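> Let chain A serve as the given structure and place chain B on it in line with the hints.
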Amino acid sequence: MMHAADKLGIPPAKAVLEADEIRRALTRIAHEILERTNGADDVVLLGIPTRGVPLARRLAERLAQVEGRPVPAGSLDITMYRDDLRLRPARALGHTEVPASGIDDKVVVLVDDVLYSGRTVRAALDALGDLGRPRAVQLAVLVDRGHRELPIRADYVGKNLPTSQREVVRVLVTEIDDQDAVLLGDSPVSREGS
Amino acid sequence: MNRHLISAADLSLDDALLILDTADELAQMSERPVKKLPTLRGRTVVNLFYEDSTRTRISFEAAAKRLSADVITFSAKGSSVAKGESLKDTALTLEAMGADAVVIRHSASGAPHRLAGWVRGSVVNAGDGTHEHPTQALLDAFTMRRRLGRLDGIRVTIVGDILHSRVARSNVLLLNTLGAEVTLVAPPTLLPVAIGSWPCSVCYDLDAALPKADVVMMLRVQQERMNAAYFPSVREYSRRYGLDAARMALLPEHGIVMHPGPMNRGVEIAAEVADSTRSTIVEQVANGVSVRMAVLYLLLSGSPEAERGEQQ
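Protein sequence lines, in the order shown, are assigned to chains A and B.
Position 70 (the first sequence) corresponds to 70 in this note's numbering; numbering is contiguous.
Position 148 (the second sequence) corresponds to 148 in this note's numbering; numbering is contiguous.
Keep in mind that the hints were calculated from the coordinates and are not lab data.
Remember, it's a predicted structure, so these values are computed and weren't measured experimentally.
You may find that some hints are simply not true.
Pulled a few chain A residues facing chain B out of the computed Cβ check, cut under 10 Å [unchecked claim]: (1) Pro72; (2) Met80; (3) Ala92; (4) Gly94; (5) Ala127; (6) Ala181.
Note that the Cβ used here is the ideal one computed from N, Cα and C, for glycine as well.
In isolation and in its complexed conformation, chain A is listed as follows (with noise of 0.2 Å):
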């Protein structure tokens, strides 16, 4: 998630991925989930908010047209758990919303726009243990940017985007921005997203 981006409007430069490249990624990933999980079972599908809900419930959609039977999609706010909030000011919560099936003995499929430092899936991680116990969690992301901080990685990767630390990145989805993009651009500040 792209904050500095957000708040100081800076409009980044080229688009690295078309609303057509996007459908297809979230199309190729949702084969890949329904392939390393025998079907989809028992998955349930976290989107990260902001962009990573709508991306959450995209795949889920994706899911249940190829296996024809509703798969679970909710979503998962990690900001109680971040390690920066002593860094930043306080911030306004996302929403968090666990199907109603839950997730103990689930396969939990986290969905995040961008992953850059895995400061976010690591805190996410966190956030899961106190909701319940999975079986597995699994991690999907539209954009690795690379530069991780963490011992962390993505088992679904819609498109590895080299980037210097100097780099914005920012996705758009229909759902929040109106229009369905990945940018690419030069910021000023120093590095915020995860």
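For chain B alone, kept in the frame of chain A given last:
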């Protein structure tokens, strides 16, 4: 948001809504298997209670513990206060112990304001004399929003001992910020002198006020603060300003009955009203923990330096 929460008037509309929205998310937590968040690990919250209190003190303690803060509870009885220590000296002791937040209840109006000048941490007013009780007003607004779905434009009638009530003052200020219309109903002797300057209307007839009230909030008659006869007898007060089943029937169908507690059943509220489905009294207590968690989170989680940087 300010660093301290001393008066409900310190809160802008955005601040108040941020607290209520945060509390909404935190309220979900009470249904989870692990009712604890790591957010305030390593922070110290001191509960400084100079006046008796059950629900507020327990509520703040539960809120701080659910956020993983260390909680030190200090009640005036059995402490050095009984030996004559001043508020300032106590404050300096707390400062030396590194309190990140001090939650204070005091019988003197203005005590939290003074305290805020002596300590580096955040000060949260948990009720000062007859002045204010902002977290009570926040949890009342939170309860109204949950029951009625909105706050803007709703009509709230507050009944009883307005003169001695910090709950009434905080509610009037906060509800005014949130866009609700407040009517106070009380015998003239139990209204403050400067009531004309409050952002609300006044009425002396409860039966006339009830039919258009979305919310009626009954206040306790605070005998312990009364140094004169404010009404002829408890029985007469109860007849004119108490809420019984017949009066409750005057409320519109969706109307709710609130009470900040502790209640005097049979005086300002009849037992059958307090226990009816329209009463939110038990809900208010549960909501209190969520709202106080939201306040502690928003006051303590960020850093003051970052706050300043953000505003530039």
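> Please verify that hint: A/Pro72, Cβ, nearest Cβ of chain B, below 10 Å or not.
17 Å, violated
> Minimum Cβ distance from A/Met80 to chain B below 10 Å?
4 Å, holds
> Quick one, is the A/Gly94 hint okay against chain B at 10 Å, beta carbons?
8 Å, holds
> Closer than 10 Å between Cβ atoms is the bar; does A/Ala92 clear it against chain B? Give me holds or violated.
Holds - the Cβ of A/Ala92 comes within 10 Å of chain B, reaching about 6 Å at its closest.
> Under the criterion of a CB-CB separation shorter than 10 Å, is A/Ala127 in contact with chain B as hinted?
9 Å, holds
> Let's test the interface hint: is any C-beta of chain B closer than 10 Å to that of A/Ala181?
28 Å, violated
In the structure shown, a violation is registered for the earlier hints numbered 1 and 6, in ascending order.
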